[in-house]
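S.K.: Line by line, the protein sequences give chains A and B. Counting along the first sequence from 1, when you hit position 111 you're at 111 in our numbering, and nothing is skipped either side. Count along the second sequence starting at 1, add 195, and that's the number in our numbering.
Hints were generated in silico from the structure; no laboratory data involved. Check the hints yourself; a few may be wrong.
Result set (DSSO-like, lysine-lysine): computed pairs, CA atoms no more than 27 Å apart in a straight line [stated by the list, open to error]: (1) B/K276 to B/K249; (2) B/K265 to B/K249; (3) B/K276 to B/K265; (4) A/K192 to B/K249; (5) B/K276 to A/K192.
Part of the chain B face toward chain A, derived, beta carbon under 7 Å [stated by the list, open to error]: (6) L229; (7) G232; (8) V239; (9) N240; (10) T254; (11) G257; (12) V261; (13) M304; (14) L307; (15) M311.
Glycine included, each C-beta is placed from N, C-alpha and C at the ideal position.
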Amino acid sequence: MPRAQPVEIHERAIDNLRYIRRTIERAGSFTAVPGAGGVVMGSIALLAAWIAGPETGARWLAVWIAAAIAAVAVGAAAAALKSRRAGLPLFSGPGRKFLAGFAPAMLAGALLTAVLFRAGQAVLLPGLWMLLYGAGVVSGGFTSVRVVPFMGACFMAAGAAALLTTVTEPDIILAATFGGLHIVFGFVIAVKYGG
Amino acid sequence: MAGRSNTARREAVRSTEAAAPSAQKLDRLVHERLRLGILSALSVNQALTFNDLKRLLETTDGNLSVHARKLEEAGYISCTKSFEGRVPRTEYRLTAAGRRALDRYLDHMEALIQAMRER
Numbered sequence: 001m002p003r004a005q006p007v008e009i010h011e012r013a014i015d016n017l018r019y020i021r022r023t024i025e026r027a028g029s030f031t032a033v034p035g036a037g038g039v040v041m042g043s044i045a046l047l048a049a050w051i052a053g054p055e056t057g058a059r060w061l062a063v064w065i066a067a068a069i070a071a072v073a074v075g076a077a078a079a080a081l082k083s084r085r086a087g088l089p090l091f092s093g094p095g096r097k098f099l100a101g102f103a104p105a106m107l108a109g110a111l112l113t114a115v116l117f118r119a120g121q122a123v124l125l126p127g128l129w130m131l132l133y134g135a136g137v138v139s140g141g142f143t144s145v146r147v148v149p150f151m152g153a154c155f156m157a158a159g160a161a162a163l164l165t166t167v168t169e170p171d172i173i174l175a176a177t178f179g180g181l182h183i184v185f186g187f188v189i190a191v192k193y194g195g
Numbered sequence: 196m197a198g199r200s201n202t203a204r205r206e207a208v209r210s211t212e213a214a215a216p217s218a219q220k221l222d223r224l225v226h227e228r229l230r231l232g233i234l235s236a237l238s239v240n241q242a243l244t245f246n247d248l249k250r251l252l253e254t255t256d257g258n259l260s261v262h263a264r265k266l267e268e269a270g271y272i273s274c275t276k277s278f279e280g281r282v283p284r285t286e287y288r289l290t291a292a293g294r295r296a297l298d299r300y301l302d303h304m305e306a307l308i309q310a311m312r313e314r
C-alpha cells in the first residue's frame, strides 16, 4: 500500500488562509449591500421625483436616468467603502455574486425603457423599473442577509401593482418606492448589519 | 527516480522539523477547521444565529454545538439564548479575546508561509 506524502506545514497554512478567506466571503455577504448608501439613494430618488414631476415626457425620463446613474454611483462607492472596512475586495465573493444577479435585470430594464419610451408607453415605465429592479435585488441578494431579497420582493410587488393598475401619479409612486423603500431598508441594513 | 523522491521527502521532513517550534505555538483551539470557520464567520458579522452558522459552514447540529461550546468556554465567542415567539434562538458573537486569537492565528499562518518563501 503506498504511503501518503507528508503535507508540508506551509501548505497547510496556505490552505487554512484560503479557508478563512472563503468563509469570510460567504459569511460577509452583507458587505455587498450598503445600508447608508441605500438611504442616500432613496434621498436622490425623492429629489428626482420632485424635479421630474408627474408628466412622463422626455424631461421626466432624463431626470430619472440621471437619478439612476447618480444612485448607482453612490451605491457602488458605498459598497466599496463598506467592503474596505471589512477588509474584503469589492469584487470578492459577495460583491461578485450580487453583481451577477443584479446586472441582467438592469440591462433588460435599460433596453425596455428605450423601447417603451419610443413606443409612447412611458406610463408603463415606473412599474417596469420597480419590477425589474426588485427582480435584480432578489436575485443578486439571494445569498445575502434576508432583508435584502425582502426589499427586492417589496419592489416587485409595488411594480406588479403599478403595471396592473393605471398609474396616474408616477412621481409619487417612484418617490414612495425608490425613495421610501430605499430609505427604510437602508436604515434597517445600516443599523442591523453595519454601514 | 526513487532517490529523487526520497530526497524530496527528506526535504519536506526537514522543513517541517524547522517549522516545528512555530507550529507548537499554534492555538490548537483555533486551528481546528470548524472552529476556525466559526471565528472567521463571526469576524465579519456583528452576530450570527446557530442556524446561520450551520448553513454557512455546512455542518450538523451536534458538530457545531460541540465546537461552539469549546470556543465559548475559552471566552472566544459569547452566546445568547432567547425566544423568537415560541422558537428558541441562539446567537453567537465574537469577543475581543476571540478576535485577538484569530488575528494571532492569521499572523502565525502568514509568518509560516513567509518563512518558507525566504528559505
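S.K.: Against each hint, give a clear statement of whether it holds in the structure.
M.R.: Hints, one by one, checked against the model:
1. Distance restraint check for B/K276 and B/K249: the Cα-Cα separation of roughly 16 Å lies within the 27 Å cut-off, and the hinted pair is therefore satisfied.
2. Restraint check: the Cα-Cα separation between B/K265 and B/K249 comes to about 16 Å, which is no more than 27 Å; the hinted pair holds.
3. Simply put, B/K276 and B/K265 have alpha-carbon atoms about 17 Å apart, close enough for the 27 Å limit, and the pair holds.
4. In summary, the hint linking A/K192 to B/K249 is supported, as the alpha carbons are separated by about 21 Å, within the 27 Å threshold.
5. A threshold of 27 Å between alpha carbons decides the hint, and for B/K276 with A/K192 the separation of about 18 Å falls inside it, so the pair holds.
6. Taking 7 Å as the C-beta cut-off, the interface hint given for B/L229 is violated, the closest approach to chain A being about 10 Å.
7. The interface hint given for B/G232 holds, since its Cβ lies 5 Å from the closest Cβ of chain A, which is under the 7 Å cut-off.
8. A distance limit of 7 Å between C-beta atoms decides the matter here; for B/V239 the minimum to chain A is near 4 Å, and the interface restraint holds.
9. With a cut of 7 Å, the hint placing B/N240 at the interface with chain A holds, because the nearest CB-to-CB distance is about 6 Å.
10. Taking 7 Å as the C-beta cut-off, the interface hint given for B/T254 is violated, the closest approach to chain A being about 12 Å.
11. At a threshold of 7 Å, the smallest CB-CB gap from B/G257 to chain A is about 20 Å, leaving the interface hint violated.
12. At a threshold of 7 Å, the smallest CB-CB gap from B/V261 to chain A is about 18 Å, leaving the interface hint violated.
13. Evaluation of the B/M304 hint against chain A yields a held restraint, the C-beta minimum of about 4 Å falling below 7 Å.
14. Hint status for B/L307: holds, given a least beta-carbon distance of 4 Å to chain A, under 7 Å.
15. A cut of 7 Å between beta carbons decides the hint on B/M311: the least distance to chain A is about 4 Å, and the hint holds.
Of the hints listed earlier, those the structure fails to meet are numbers 6, 10, 11, 12, in rising order.
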